[in-house]
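Chains as they are written, first to last, in the numbering used here: chain A, 1 to 117; chain B, 1 to 117.
Derived by calculation from the structure, the hints in this document are not laboratory data. Computed from a predicted structure; not experimentally measured. There are no misleading hints in this set.
One side only, chain A facing chain B, incomplete, derived with CB under 7 Å:
#1 S13
#2 A16
#3 D17
#4 Y89
#5 F92
#6 W93
Below, simulated DSSO-like cross-link-like pairs (lysine-lysine); rule was C-alpha separation at most 30 Å, straight line:
#7 K80/B <-> K88/A
#8 K91/A <-> K53/B
#9 K53/A <-> K80/B
#10 K88/A <-> K88/B
#11 K88/B <-> K91/A
#12 K80/A <-> K53/A
All C-beta atoms in this analysis are idealised placements derived from N, C-alpha and C, irrespective of residue type, glycine included.
Protein chains: 2
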Amino acid sequence: MQAAADPLSLTLSALADPTRRAILARLTQGAATVNEIAEPFDISLPAISRHLKVLEGAGLISRGREAQWRPCRLEAGPLKAVDGWIGKYRKFWEGSFDRMDAYLHQITKGDGRGRKS
Amino acid sequence: MQAAADPLSLTLSALADPTRRAILARLTQGAATVNEIAEPFDISLPAISRHLKVLEGAGLISRGREAQWRPCRLEAGPLKAVDGWIGKYRKFWEGSFDRMDAYLHQITKGDGRGRKS
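Pulled out of the complex, with its shape left as it was, chain A reads as follows (with noise of 0.2 Å):
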């Protein structure tokens, strides 16, 4: 139904999985190989590296070039395109938080002292 996905979908995408998210949050203590990646986790190497290949693509890891030592990275630049994205929902809420914080503070004093008189 769709063609090419934009980075920002791709990213998304690749992100929409526990394991994938697992990977990345272990590469955040540095560089690994597949099989170090593969240790902890109940899943086939296989897998594990088709994984690999769909966070490869979205841009958010690196793998070095040394053909049997192929160290994974965790780059950085695609999630901060999903921070910059989500930063415009967050005053959204942060908004509606300040409206809620104006509502109670009206509530608990304006209108109580109304309801004295």
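Here the structure of chain A is known, so what remains is to put chain B in place on it, guided by the hints.
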């Protein structure tokens, strides 16, 4: 391949589409009917309805109960969950910047002086 998705995966998957993100952006301006939402898009009403169903399934929008006029509203909860998740990575790339700052400070000050002597 995967069982029922966890809430965060469900949210990220729903967000991984430019039309659905545009619908959410529209709803930051207030509740809207399906027809109002569909207006700026060159997509059929049934296609818009399918997108709304995905957003509703992920809890990103809610819909009024009124049979004819069922306004859609943006729900901030799932977006806040994504923001909370990405917050851990924000520390990661801000940390990288801190290290970069320290490095730049070092090469422009410490190392520069070293070369002079």
